[in-house]
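So the sequence lines, in the order shown, correspond to chains A and B.
Residue numbers for the first sequence follow my numbering, beginning at 89 and rising by one.
Residue numbers for the second sequence follow my numbering, beginning at 89 and rising by one.
Among the hints, a few may not be true.
Note: identical chains are not told apart, hence a pair may lie in one copy or across any two.
[To be verified] DSBU-like, lysine-lysine: derived pairs with alpha carbons at most 30 Å apart:
#1 LYS120 to LYS90
#2 LYS308 to LYS120
#3 LYS252 to LYS191
#4 LYS141 to LYS308
If you are wondering where the hints come from, they were derived from the structure by calculation, not from laboratory data.
Listed below, chain by chain, are the residues.
Number of protein chains: 2
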Amino acid sequence: MKQLLLMSSSRKGNLGYLEHADEQLNTILSDKIKRVLFIPYAGVSFSFDDYEKMVRPVYERLGYELVSVHQFDNAAEAVASADALAVGGGNTFALLTRLYENKLVELVHERVADGMPYMGWSAGTNVACPTIRTTNDMPIVQPPSFSAFNLVPFQINPHFISGKPVGHNGESREERLGEFLVMNPKESVVAIPEGTALYVQGDQARIMGEFDGMVFRQDKVETLASGGEFPLSQING
Amino acid sequence: MKQLLLMSSSRKGNLGYLEHADEQLNTILSDKIKRVLFIPYAGVSFSFDDYEKMVRPVYERLGYELVSVHQFDNAAEAVASADALAVGGGNTFALLTRLYENKLVELVHERVADGMPYMGWSAGTNVACPTIRTTNDMPIVQPPSFSAFNLVPFQINPHFISGKPVGHNGESREERLGEFLVMNPKESVVAIPEGTALYVQGDQARIMGEFDGMVFRQDKVETLASGGEFPLSQING
Numbered sequence: 089m090k091q092l093l094l095m096s097s098s099r100k101g102n103l104g105y106l107e108h109a110d111e112q113l114n115t116i117l118s119d120k121i122k123r124v125l126f127i128p129y130a131g132v133s134f135s136f137d138d139y140e141k142m143v144r145p146v147y148e149r150l151g152y153e154l155v156s157v158h159q160f161d162n163a164a165e166a167v168a169s170a171d172a173l174a175v176g177g178g179n180t181f182a183l184l185t186r187l188y189e190n191k192l193v194e195l196v197h198e199r200v201a202d203g204m205p206y207m208g209w210s211a212g213t214n215v216a217c218p219t220i221r222t223t224n225d226m227p228i229v230q231p232p233s234f235s236a237f238n239l240v241p242f243q244i245n246p247h248f249i250s251g252k253p254v255g256h257n258g259e260s261r262e263e264r265l266g267e268f269l270v271m272n273p274k275e276s277v278v279a280i281p282e283g284t285a286l287y288v289q290g291d292q293a294r295i296m297g298e299f300d301g302m303v304f305r306q307d308k309v310e311t312l313a314s315g316g317e318f319p320l321s322q323i324n325g
Numbered sequence: 089m090k091q092l093l094l095m096s097s098s099r100k101g102n103l104g105y106l107e108h109a110d111e112q113l114n115t116i117l118s119d120k121i122k123r124v125l126f127i128p129y130a131g132v133s134f135s136f137d138d139y140e141k142m143v144r145p146v147y148e149r150l151g152y153e154l155v156s157v158h159q160f161d162n163a164a165e166a167v168a169s170a171d172a173l174a175v176g177g178g179n180t181f182a183l184l185t186r187l188y189e190n191k192l193v194e195l196v197h198e199r200v201a202d203g204m205p206y207m208g209w210s211a212g213t214n215v216a217c218p219t220i221r222t223t224n225d226m227p228i229v230q231p232p233s234f235s236a237f238n239l240v241p242f243q244i245n246p247h248f249i250s251g252k253p254v255g256h257n258g259e260s261r262e263e264r265l266g267e268f269l270v271m272n273p274k275e276s277v278v279a280i281p282e283g284t285a286l287y288v289q290g291d292q293a294r295i296m297g298e299f300d301g302m303v304f305r306q307d308k309v310e311t312l313a314s315g316g317e318f319p320l321s322q323i324n325g
């Protein structure tokens, strides 16, 4: 059965790295998992070693080992035998480019369909979608395609925040998602504020965290109340 | 001789559409130009007709006719015979996708190299660069390539603003450009705040407007003082 924890962000307010996320992570982690395989490819301005050092204590605190995929000679073999996958945030375009370089896109899709638990945050949530077309990140490198892991049948917008910065003429997040839906009128976008996650188990999902999620569709915007369970098919219904 | 006016934004503070830009536009416009051809392809949440109606009065006020390329049966023929080109803001990915669909990318590069004046703002400035890798926009549609008009030998970041929104854990603009330079260490990015433009005449350039520009390189950040002339080659030197 498919199991996904798709988190908006690594941080919430002034809390430390994934400090808000213990309850969310414990929902998907279980004693069937000994070691979590970490994908650090979204990290750009710091080393994969440093990224691994930052994330390992989060999982150790919860009782799990963690090792980064860059420690293995063959990334695909490491993914093929992983107990669970954690895909960290950073730049979504760097992440997807490196996933293609390491031939992991199809493989992760298949392993998650077979039941390997998947945890992602920020960029790691963007790549869980059919494509990366609702990332907030700068396209600093061109991936071979925008197509990603396709683990849920809709787009997600992490780090959702309403409105726009004062004194600046850029678009608000709502306007950006509205533009996405003009260009892609049959699609839907689940927007999750920082600290919030979408938890998926099989065909059912729920929003976890203090805040509600939202679904943006071409003709309407709806609230996804935190804690309420719904079928995945409801989002694109 | 190449002539470019690459504006950061259509708006500055609370001023109306291109209201701040008369002096900047007059620098590149001349009595050799009767009619400006407008490219509305970055517009997503409003019609090309409406976009043309918004921009036409700006040019009429300065004494020039303006017609949008979507009024012509063949966009390439319209560009081939244009006196000058104005490329409006909106979504950079929609703009570049439609430029490719209408087979305009190579053609605009050639016509500008031959001396046709080019005016762009926001997305219209992003596509003047070698690629769109320093746009701030959401990648709502996948263009065939990130490669763009390549009218200047460096990237530009429009709508430049320092720092990050309070209470949100996204990256600051400086951090985003820093990540670009980690992935592309030999490149440079000229960052221009709203209301500011980069004016290029042949091999020389200067920043126009109230604020200074900046050049981001891997190892340092420098100010480009408003009004001071410099050779284009200095940016990547």
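Verification of the supplied hints:
1. LYS120 to LYS90: within (15 Å within a copy, 65 Å between copies)
2. LYS308 to LYS120: neither (41 Å within a copy, 49 Å between copies)
3. LYS252 to LYS191: Intra 38 Å, inter 35 Å, cutoff 30 Å: neither.
4. LYS141 to LYS308: Between copies only: 28 Å across chains, 43 Å inside a chain, cut-off 30 Å.
Of the numbered hints given earlier, the model fails hints 2, 3; all others are met.
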